[in-house]
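Protein sequence lines, in the order shown, are assigned to chains A, B, C and D.
Taking this note's numbering, I'd label the letters of the first sequence as residues 18 to 375.
Taking this note's numbering, I'd label the letters of the second sequence as residues 18 to 375.
Taking this note's numbering, I'd label the letters of the third sequence as residues 18 to 375.
Taking this note's numbering, I'd label the letters of the fourth sequence as residues 18 to 375.
It should be emphasised that the hints constitute simulated quantities derived from the structure, not laboratory data.
You may find that some hints are simply not true.
Stated by the list, open to error - When the alpha-carbon atoms are kept at most 20 Å apart in a straight line, the in silico SDA-like pairs for lysine to any residue are as follows:
no., chain 1, residue 1, chain 2, residue 2
1, C, K165, B, Q372
2, D, K325, C, I285
3, C, K292, D, I118
Stated by the list, open to error - These stretches of chain D come out as covered by chain B in the derived footprint (C-beta under 8 Å, 3 or more residues):
no., segment
4, 27-34
5, 39-46
6, 82-91
7, 119-133
Note that CB positions come from ideal geometry on N, CA and C, so glycine has one too.
What follows is the residue order along each chain.
Protein chains: 4
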Amino acid sequence: MSGNTFGKNFSVTSWGESHGPAVGIVIDGCPSLINIDINAIQSELDRRAPGQSDLTTPRKEKDQVKILSGIYQGKTTGTPLTLIIENQNQKSSDYHHLNEIYRPGHADFVYDKKYGIRDPRGGGRSSARMTAGLVAAGAVAKVILKDKLEISILAYVNQVHQIKAQINPLQVTLQQIEATPVRCPDSQSAQKMIDYIKEVKNNGDSVGGIIECVVKNVPIGLGEPVFDKLSANLAKAMFSINAVKGFEIGNGFTAATLLGSENNDPFINDRNQIKAQSNRAGGILGGISNGMPIVFRTAFKPTPTIGKNQQTVNRQGKKVELEAKGRHDPCVLPRAVPVVEAMAAITICDAFLSQFKE
Amino acid sequence: MSGNTFGKNFSVTSWGESHGPAVGIVIDGCPSLINIDINAIQSELDRRAPGQSDLTTPRKEKDQVKILSGIYQGKTTGTPLTLIIENQNQKSSDYHHLNEIYRPGHADFVYDKKYGIRDPRGGGRSSARMTAGLVAAGAVAKVILKDKLEISILAYVNQVHQIKAQINPLQVTLQQIEATPVRCPDSQSAQKMIDYIKEVKNNGDSVGGIIECVVKNVPIGLGEPVFDKLSANLAKAMFSINAVKGFEIGNGFTAATLLGSENNDPFINDRNQIKAQSNRAGGILGGISNGMPIVFRTAFKPTPTIGKNQQTVNRQGKKVELEAKGRHDPCVLPRAVPVVEAMAAITICDAFLSQFKE
Amino acid sequence: MSGNTFGKNFSVTSWGESHGPAVGIVIDGCPSLINIDINAIQSELDRRAPGQSDLTTPRKEKDQVKILSGIYQGKTTGTPLTLIIENQNQKSSDYHHLNEIYRPGHADFVYDKKYGIRDPRGGGRSSARMTAGLVAAGAVAKVILKDKLEISILAYVNQVHQIKAQINPLQVTLQQIEATPVRCPDSQSAQKMIDYIKEVKNNGDSVGGIIECVVKNVPIGLGEPVFDKLSANLAKAMFSINAVKGFEIGNGFTAATLLGSENNDPFINDRNQIKAQSNRAGGILGGISNGMPIVFRTAFKPTPTIGKNQQTVNRQGKKVELEAKGRHDPCVLPRAVPVVEAMAAITICDAFLSQFKE
Amino acid sequence: MSGNTFGKNFSVTSWGESHGPAVGIVIDGCPSLINIDINAIQSELDRRAPGQSDLTTPRKEKDQVKILSGIYQGKTTGTPLTLIIENQNQKSSDYHHLNEIYRPGHADFVYDKKYGIRDPRGGGRSSARMTAGLVAAGAVAKVILKDKLEISILAYVNQVHQIKAQINPLQVTLQQIEATPVRCPDSQSAQKMIDYIKEVKNNGDSVGGIIECVVKNVPIGLGEPVFDKLSANLAKAMFSINAVKGFEIGNGFTAATLLGSENNDPFINDRNQIKAQSNRAGGILGGISNGMPIVFRTAFKPTPTIGKNQQTVNRQGKKVELEAKGRHDPCVLPRAVPVVEAMAAITICDAFLSQFKE
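Please put together the full structure from these sequences, using the hints given.
Written as structure tokens, this is what we have:
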């Protein structure tokens, strides 16, 4: 296949372009008899939608999800589940000026070279709009994980530029995350982030950051040895999200600076349950979940679209100036939070359905 | 499948246990008519082998690779290539004391819970010995990439504990890397690393670090949109290596602290070739190679086996002390260097064969 | 995955139910820069549609295909191509009486047992309506094969009940096939088949038959050794079509009654081209295309829906009589002809794209 | 991948060439804690081995199976199971005369064209020797199916040339099958077949036939809608066996000559169990097992190697005579019986593990 399917057991095929008729996903492998509430999917999409606050791009598109297959009388039937989000804005004219120009930091150039053609409208297939489909698929995965295992998945912004939040992953709540438009549950840091993002926006620039994600109630034994390690699939899942440049789990890059005696998690017997005393591993040992909360972090680069003119070249290799047009998204992280959760949910659901079938 | 195959076009199936009869790999998708020199494979394995220096475990096993299929008169035939490395040490008795004990930081516990059984000898399938097969497969991928595209892949240690080397990825040579047993091409830092690792070893401890990898001459257009991004598959590939806890590409986690205007790579026309002026992206844009060198870093935790007694529990949940036995590997990074190169080679070869067939 | 994707390089994911909002397919792996004429897809669908003649079910649904992704300015972009056919008839009430009853020869019973739930409207996912998606995907495959290799694929009815047509596969034309509503290019046999099907219909019964398919201009070398033999994938493709119970290639079952000296095709040198003198193999040797026309036959059972009352049981195991309701399709073969062509096109396109990438 | 792996859940990777060092298979997805008796695997291999009777080729190779991974203390560990059979005869010289010649009915020509190289020794990868690996993998699948579901799989020869046996599939026993060297449980027909095969052999010719297979105790619900139908995967599995040219299930090609009222299997309530009254469907409805015995037939062409000189061409296209050398196998069917069983077992085990885990 050509890379548009993720997962072997809960397998998500993504399709669509930013300004084509629709974006959508097909889920193959969804168990039958799961109650699907379309409102639950819609509210995840609403968290990803633009225009939620003055921190994000104001483009006003309504991402309305529809179910095209796989459901009968509100329940999954075990057959492929197709979710579709129609694009409101399909006007080609808006993007006419980008037909021939290679935007710095964007995929225009590589698509042209790879395919000999690209859909220039809003980045086509390389647009972050593709994450709408991922969020919809992730919403289904979340329902399954909640339903079968009481698994909860929460992501939040824990760094923007140099502003690092102080957060205990085990105590974060959805309410805290949703309390501020920046989706950082440390309210003090959140305010600093908001102020900084606004400043960056006013300067016509954008800024990167880090999203942390914590997954609780994961059963022991998810993930496979060697290649389909749960950590490896989470890494791949996160790198499927636009603008991701780094991933670490548990102690992550910090583990590189530690001694074995500092980094090992001793096993203990806690009321007749064997568990790790600490969680430096981040919930995964040898690629397999060990029953502790899974904690990982994903680094996002600043969005390449900025409000400043930039030097670049066009398709013919001629030097041109890319004019800043319209308003830009100064920080994608708040809107990326539900995408991180979605890809984590898809990955864990896939591992779960590989291990346990009913 | 159950996670023991990596890649869709150059697909590597790994099998074996640390102390079973053999470890091996099957490569399906190797193009025909490639000249395979078994000595080239053997010398990559020799770089991974234990006992190369006093920095590593002295266990003296000879990793002799044999080809069991896919070759006729020195050339690949296009049919599956099977490489096998027989295990010298299959004595079960050596590991008898580990049958029932859960070593901290190791996969014993999760294997037992996942499968209800595990091969306790040397960690069985979770052993770093599995990387011998990966190195063998990677050696074949390297030959193909060299043969067809003049691609070169070099990895090296650029951090051990807090000792960070000063290295220009574009100027590193294999000779510089192999010049010291720690495989760090910055000779001053190398010496500090060696001294520190010996100190750690004497203290009965182990230490983590970071390996950087640079891949040159990658053609534009490798990798797929959305899910099979080249960056995503590299991330997954690296997390397939034992002890890896983090991965970043280009500016990586640093990109999280930058502005868009600082992180974008402007396009220029360099003697009628469109290219990026800088390489903050690390050679990959929108998941697809852009023709610049691919540069990424992988964080390794310190090996969990240390020369100190540790508290843990056994299979029955009884508190026990894990005695330090034999000699341990104070720092896996020097031996992991060829493994990082191998997994990079496999990943890029897979993407290449997906894009270009003959 | 759960069985709703066919092909590894030209990979077709099917989704939808008979009376859900829509049926559709996603093609991943379609090369870029292919001109797609939606009318070409539509006319293949029109060949499959019901109500073409009085030989088929008169249900009047208009199968209008729409493209939702993967095309820009009439050309494929190399990204997933999504084709959708909205269902006109979504009224659940029509099928209310089938909610609880297990129709003989249908999949109602096995779906209920497998999933614990099923969409009873028109058979849901087990409906022959799924072949509409296959025909749409096959139309795209045909365009690629025509465009790149001048491959032509023709199927036709060559047996209905005991009426066997006399046909030279190498001389059949599309015009001959489309000349009669039964799609049998032997006009004498065609008339007998038409008469017989009408008689069967009047008797409230249905009848089976055989479709033959011939593929010309297939390059030498498509198909893989051992498991992904071209013949094996064609067999699987044909068994993906509703009502198929048998498949044979070249001499097929007749080869079982022959001697080696009678069945071998000698090689000859025909104007400096090595080829087989005869084509008893049906164009495939050792699973790999040998450059001769591929000729195979597919056996269809009579449709299980008939115009007579039948004894059966309901979900509770109670004996009930299934009443014949509405009009039935006395012979699916004429409408199955484009489906056989479509699945052959998909299979060969998949093998072609595995072998040759541009 | 390149076609050397079969199955998604019980996935079998085949490798090796006829006269290379070894042939083997890797099974990924084998459940843990299965007791594997290597003698059970060996005796299946012995049924496939040449030299069992004067009906087959006398080549005296001993196919001794070894387990290289995936077993600890006689039990599967859930990690890849590798089985290997070393080739005794690796002398290249024996096949020197075939280096340049294209044998009629063999894959020499297509391999040369596909790969630009081939291993000419005994047909290399296209040799029926590959089925030794399949039989070994099938033996493991049989153990799992027996262990978990009491499934039994029996195949037997039911036609050689025009000699058709009279057999009730539901009453055949392994003893009856193994009673004669031709593996036909109808002893009268068996004798005719034996006499005829000897006659054919003396004439320097070979002969084809049909193998029937019956699988009992298959649970309801194996197989997927649309593409991974159990029937479709069985068809593909059978076409993976050398010399197969046809496949049919239940009424098969005969269904093409029947009316719906004759071919439908009515459902009945048999002691509170819903089942089909007859088994014209052959145990599969809509691609999914319905709990009735699965019954299918596979047509084999006569082996192309015969004891007569044949006209053909060499690699340069020059007309040459292929000399009959050594002794040939006049009828592969008796030795193909365990191969049919093996591929049926692999297919059903794969479907079973997709549906039911742990």
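Status of each hint after checking the structure:
Our distance criterion of 20 Å between C-alpha atoms is met by K165/C and Q372/B, whose separation comes to about 17 Å. Restraint check: the Cα-Cα separation between K325/D and I285/C comes to about 18 Å, which is no more than 20 Å; the hinted pair holds. Taking the CA atoms of K292/C and I118/D, the gap is about 13 Å. The hint holds against a cut of 20 Å. Taking a C-beta to C-beta cut-off of 8 Å, the segment 27-34 of chain D contributes 6 residues in contact with chain B, enough for the three needed, and the coverage statement holds.
Proximity of the segment 39-46 of chain D to chain B, defined as three or more residues with a beta carbon under 8 Å from a beta carbon of that chain, is established by the 6 residues found. Counting residues of the segment 82-91 of chain D whose beta carbon lies closer than 8 Å to any beta carbon of chain B gives 7, which reaches the threshold of three, so the coverage claim holds. Using a Cβ-Cβ cut-off of 8 Å, 3 residues of the segment 119-133 of chain D lie near chain B, which meets the minimum of three, so the contact claim holds.
Going down the numbered hints, you'll see the structure goes against none, and every one checks out.
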